[in-house]
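Residue-level listing of the chains:
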Amino acid sequence: MRLLHKYWHTALLSAAGLVGDNPLFLLDYLLRLLRVGVLLGLWQVLLQGKPTGIELSLGQLLTYTLVAEIIRDQLRCHTQLLQSLWEGSVGSYFLRPMSVFGQFAARMGGEWLFGLVFFSLPLALAAPLLGVDPLPASARAALLFPLSLGLAVAVGLALELFFGALVVWMDHNLYNAYRLRDALVALLSGGLIPLELLPWDLGHIVGYLPFASTASAPLRIYVGSGEPGPLLLLQAFWAVASWMMALWFWRFNRERLVIHGG
Amino acid sequence: MAAERIKKLLCLWRVYAYLDFMLLTRDLRLFLNYFITDTLLNLAAVSGTFLLAERFAGLGMWSKPQVVFLLGYGMLVGGLINTFFSFNVLYISRRLGRGQLDHTLIQPQPLWLSLLTEGFMPLSGSAILLPAVGLLWWAGAELGLDPGAGWWALFAMQILASATIATAFSFLWGSLAFWAPRAAEEISSSALRIVYQLTPFPLDGSGPLLIGGLLSVLPIGFVAWYPCRFLLGLSPSPWDGALTPLAALFFALAAGLTFAKGKKHYERTGSSRYLSFGHRR
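Residue numbers (this note's numbering), protein chains in the order written: chain R, 154 to 415; chain E, 48 to 328.
Take the hints with a grain of salt, since some may be wrong.
One side of the interface only, derived from the structure: several residues of chain R facing chain E at Cβ under 7 Å [as the list claims (entries may be wrong)]:
1) L180
2) G194
3) Q197
4) V198
5) G255
6) L327
7) N329
8) R334
9) A336
Derived DEER-like restraints, expressed as beta-carbon distance ranges [unchecked claim]:
10) G241(R) <-> P283(E): 30 to 38 Å
11) V62(E) <-> D286(R): 57 to 65 Å
12) V393(R) <-> L296(E): 52 to 60 Å
13) L278(R) <-> A104(E): 34 to 42 Å
14) H158(R) <-> W60(E): 52 to 60 Å
15) P352(R) <-> I153(E): 49 to 57 Å
16) D324(R) <-> G259(E): 42 to 50 Å
Chain R residues, not near chain E, derived (Cβ > 10 Å throughout) [stated by the list, open to error]:
17) R188
18) D226
19) R249
20) P289
21) A290
22) F298
Hints in this document: simulated from the structure, not taken from any laboratory. Small disclaimer: the values here were computed from a predicted structure and weren't measured. Note that the Cβ used here is the ideal one computed from N, Cα and C, for glycine as well.
My request is simple: use the sequences and hints to build the entire structure.
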């Protein structure tokens, strides 16, 4: 309990710091709102009244996009790890009597709190104004979605740690590692463009990669376009496998970590 | 006087091009690492829209080659501004917020000349420019474009206008760092992220309110979508070709005025980011 207390307070400090340090997070909310508006418009142009041969209906696609934006922070799982490696401030994380990556995860959780209240909730409430039904496909989908989202966060955090270790392995080439991660996630996770919409049956192949477990799987369960059983099993597999891989890679590179500044 | 300034400008570009060359050739492995990664990642950044266009044989009124033209155009604009304004000139709020404007102000030349030249990286920037040219060339061939000198002049004008708008947008927001150096240090990144993320999409289905916003308050529509509509003959009026250059003029003026106002403030207050023993707050 005392251990949880420390992480909870780290999360609260992070939530408060987001507002105190940088009120310009509002600009990022504006970006998210614009992006969802553009995508909803694009799907309507693409799918309205046209036979496309894809499994998703227009209604499901609109819900998919809206919910992806509502829970975007949870699907991305970005911590301050890469930034801290760049600044050198990661050094102070090693000095505190808490797990190094646990602190980053707690800070990320704190930032979620603010986003959930000031962006996700208002967007969900505004869904009818955008012509989107924000409700899950069925009661079963509503029940299984939190479990799938939890597994998605577990895989996402493991990938975050893996890419942090990759930065160290690439001689602190943060720029390339960061952009590599963003490019892979944007294309392969299904968080921006549903994998069902990819050509040449790419979506089926990509769906087996760990990136798909971070976004596509929970969203497909939510809108009812995927069978929950196999999706959850695959997510559970990647949650275990990616953590084992990430922890090994982090430990392998730990001695190579060089800290400048701080 | 003007000829002298232009000579100085060209001379400085040559110096910075040489420095870029030296940076890249110092270590071949480093050069290839950056060059190949940049090329691949910039292509990957637009591949989502391309794959959608492939799946649906175009996007709305845009055929597949037209979408590729849009992607190439947007990438060319991004490549140009990154080639001419690297080293955080484009991300001006970082320089202002970190108190680094002083480094530029002490140089014996006008500020505008420094900002226009010291971020010039033609070789590093080619990792974005070359794939952009490739996309435009492929799209042009597929569309059967046979442009004359007039079309090329219009293309150059639109590209220049789009690049000006993106840069001015970053400077407009980035100037906030004169007044709030710490809070606004990364605001240029946020502003440019909006530009980069929405540029690859045709905005036709976005509704009048959103399109109005994207062509005024947040001029992202001018960075690729609107000029491409004109260049590809998708817009109903030939006067649409004048709108992007006019918008560029407006945003350049607005950014220039805001930056000058911020600089006046800075002249009175200076930077508060460094402690007396040199560390940053």
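Now the hints, each set against the structure:
Look at L180(R): its Cβ gets to within about 4 Å of chain E, closer than 7 Å, so that hint holds up. Given hint, G194(R) at the interface with chain E, holds; its Cβ is 4 Å from that chain's nearest Cβ, closer than 7 Å. Annotation: Q197(R) was flagged as interfacial toward chain E, and the flag holds, the nearest CB pair being 6 Å apart, inside 7 Å. For V198(R), the interface hint holds, the least distance from its beta-carbon to any beta-carbon of chain E being 3 Å, beneath 7 Å.
Of the supplied interface hints, the one on G255(R) is violated, with its beta-carbon coming no nearer than about 26 Å to a beta-carbon of chain E, more than 7 Å. A cut of 7 Å between beta carbons decides the hint on L327(R): the least distance to chain E is about 12 Å, and the hint is violated. Because the closest C-beta pair between N329(R) and chain E is about 5 Å apart, less than 7 Å, the hint holds. Nearest Cβ of chain E to the Cβ of R334(R): about 10 Å, over the 7 Å cut. The hint is violated.
Because the smallest distance between the Cβ of A336(R) and any Cβ of chain E comes to about 4 Å, under 7 Å, the interface hint for this residue holds. At roughly 55 Å, the beta-carbon separation of G241(R) and P283(E) lies outside the given 30 to 38 Å, and the hint is violated. A beta carbon spacing of about 60 Å between V62(E) and D286(R) agrees with the range 57 to 65 Å that was offered as a hint. Against the hinted window of 52 to 60 Å, the Cβ-Cβ separation of V393(R) and L296(E) comes to about 58 Å, which satisfies the hint.
At roughly 37 Å, the beta carbons of L278(R) and A104(E) sit within the given window of 34 to 42 Å. Separated by about 58 Å at the C-beta atoms, H158(R) and W60(E) satisfy the suggested range of 52 to 60 Å. For the hinted restraint 49 to 57 Å between P352(R) and I153(E), the CB-CB distance of approximately 55 Å keeps it satisfied. The beta-carbon spacing between D324(R) and G259(E), approximately 47 Å, falls within the hinted interval of 42 to 50 Å.
Against the 10 Å criterion, R188(R) falls within the reach of chain E, whose nearest CB is about 6 Å from its own CB. The beta carbon of D226(R) sits about 15 Å from the closest Cβ of chain E, which is more than 10 Å, so the claim that it is off the interface holds. With a least beta-carbon separation of about 21 Å from chain E, R249(R) lies farther than 10 Å from that chain, consistent with its non-interface assignment. For P289(R), the shortest C-beta to C-beta distance to chain E comes to about 25 Å, beyond the 10 Å cut-off, and the non-interface label holds.
The non-interface label for A290(R) is consistent with chain E: the shortest C-beta to C-beta separation is roughly 23 Å, beyond 10 Å. Separation of F298(R) from chain E is adequate, the least Cβ-Cβ distance of about 24 Å exceeding the 10 Å criterion.
This entry does not satisfy hints 5, 6, 8, 10, 17, going by the numbered hints stated previously.
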